[in-house]
Amino acid sequence: MSISINDLNSMHIDVLKEIGNIGAGNAATALAKMLNKRIDMEVPKVKILEFKDVNEILGGAEILVVGILLRITGDLSGYIMFILEYNAAHLLVNILMGKPSSDLNEFSELEASALKEIGNILAGSYISALSSLTNLKISPSVPDMAVDMAGAILSVPAIEFGKVGDTVLYIETEFSEGSAKVIGDFFLIPNVESYDVLLKALGVIN
Amino acid sequence: MENINVIKVGMADLQVSRHPGMLTTLGLGSCVGVALYDTVKKIIGLAHIMLPSSLQARNVSNIAKFADTAIVKLVNDMISLGASKEHLVAKLAGGAQMFAFNNSSDIMRIGSRNVASSKDTLHELGIPIIAEDTGGNFGRTIELYSDDGRLLIKTIGHGVKQI
Chain A
560 MSISINDLNS MHIDVLKEIG NIGAGNAATA LAKMLNKRID MEVPKVKILE
610 FKDVNEILGG AEILVVGILL RITGDLSGYI MFILEYNAAH LLVNILMGKP
660 SSDLNEFSEL EASALKEIGN ILAGSYISAL SSLTNLKISP SVPDMAVDMA
710 GAILSVPAIE FGKVGDTVLY IETEFSEGSA KVIGDFFLIP NVESYDVLLK
760 ALGVIN
Chain B
20 MENINVIKVG MADLQVSRHP GMLTTLGLGS CVGVALYDTV KKIIGLAHIM
70 LPSSLQARNV SNIAKFADTA IVKLVNDMIS LGASKEHLVA KLAGGAQMFA
120 FNNSSDIMRI GSRNVASSKD TLHELGIPII AEDTGGNFGR TIELYSDDGR
170 LLIKTIGHGV KQI
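Chains A and B supply the protein sequences, listed in that same order.
Counting from 1 along the first sequence, just add 559 to a position and that's the residue number in our numbering.
Counting from 1 along the second sequence, just add 19 to a position and that's the residue number in our numbering.
Isolated chain A (complex conformation) (with noise of 0.2 Å):
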């Protein structure tokens, strides 16, 4: 028997919240890190969504964004998917590659690789974090980018939702620079089947 989205009851949510607060936590630290600034990030949010809303959740289907998508497989299967405001992605290569945060222009092939390998790295250490807590094997694919309407980039991992079920979970974790800039959204977007296996790792269900 394994646990669908309707079954996971409000302790279950609060431990994939916690889970998310970690692992977050980790990616948060290295994002300061590289970027040598202070980045905040908001408590997780576990939403648990039927398609016909998910275009909407970053406040708009239409709006740009940059989104990093790995898979994760091993132990547990799914998605790792970090969103970033257009003009924060901007600024962000431009602080690692040490130029004037003047160019809005499209990225280079430099710099889309730069952001992938931003990508890389954070969800290395949300990984690394949850494998640690959880004991679990998870390996990330090699990063992929694109530079859409939020609705298309969000669809992706839903997809996968629907052959199984109505609804997709997201483990969402918004970062900030200091207290005001939002920079974007990390996601964690664990199979129907990892579930099962997160929380009984974790020890919360038999």
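To be clear, the hints were calculated from the coordinates, so they are not data collected in a lab.
Hints should not be assumed to be uniformly reliable.
[Claimed, not checked] Per label pair, the in silico range of CB-to-CB distance: (1) 619/A - 150/B: 25 to 31 Å; (2) 22/B - 592/A: 53 to 59 Å; (3) 142/B - 665/A: 36 to 42 Å; (4) 568/A - 78/B: 18 to 24 Å; (5) 150/B - 612/A: 26 to 32 Å.
[As the list claims (entries may be wrong)] DMTMM-like, lysine to aspartate or glutamate: derived pairs with alpha carbons at most 25 Å apart: (6) 27/B - 612/A; (7) 740/A - 609/A; (8) 173/B - 143/B; (9) 173/B - 676/A; (10) 27/B - 166/B; (11) 180/B - 665/A; (12) 173/B - 612/A; (13) 173/B - 665/A; (14) 27/B - 615/A; (15) 104/B - 162/B; (16) 596/A - 725/A; (17) 576/A - 725/A; (18) 61/B - 105/B; (19) 722/A - 143/B; (20) 92/B - 609/A.
Cβ atoms here follow ideal geometry from the backbone N, Cα and C, with glycine treated the same way.
Starting from the structure of chain A, add chain B where the hints point.
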């Protein structure tokens, strides 16, 4: 814009409208927008399809999710509003591959499979496909208008077009 009935279609959702109306769906990625138009009665219908087929799915409670079942439902809903199947024409948009990934697994090629399955279903129903803007690696917002059945396609960085 004149005073027309604007209805939003979410992911895995479908809607129909009489004239005058406009149906829109925002941020289509690998999903496919199937737009149907009754050229006589000016009735419109739009489905935002997530997956190619209900046959491999474990849960089919929402039939608007799948190309095969959604298009049949869309046609029936339009007929309930007074449309005739013989007067329907179809336009397709979406079916992009947002992320490249080297090992293009099934789920990553879902866009083109959604398009292919939508076409198959339309052929079976005998509804001609008169235009399409599918594929690529970018998202689309689409608007279907009842006055002439035009489908407006907006993108970020890939222009605006009308089919």
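Structure-based check of all given hints:
no. : hint                      : verdict
1   : 619/A - 150/B: 25 to 31 Å : holds (27 Å)
2   : 22/B - 592/A: 53 to 59 Å  : holds (56 Å)
3   : 142/B - 665/A: 36 to 42 Å : holds (39 Å)
4   : 568/A - 78/B: 18 to 24 Å  : holds (21 Å)
5   : 150/B - 612/A: 26 to 32 Å : holds (30 Å)
6   : 27/B - 612/A              : holds (11 Å)
7   : 740/A - 609/A             : violated (29 Å)
8   : 173/B - 143/B             : violated (29 Å)
9   : 173/B - 676/A             : violated (30 Å)
10  : 27/B - 166/B              : holds (17 Å)
11  : 180/B - 665/A             : holds (21 Å)
12  : 173/B - 612/A             : holds (20 Å)
13  : 173/B - 665/A             : holds (18 Å)
14  : 27/B - 615/A              : holds (12 Å)
15  : 104/B - 162/B             : holds (22 Å)
16  : 596/A - 725/A             : violated (40 Å)
17  : 576/A - 725/A             : holds (21 Å)
18  : 61/B - 105/B              : holds (13 Å)
19  : 722/A - 143/B             : holds (23 Å)
20  : 92/B - 609/A              : holds (20 Å)
Of the numbered hints listed earlier, those contradicted by the structure are 7, 8, 9, 16.
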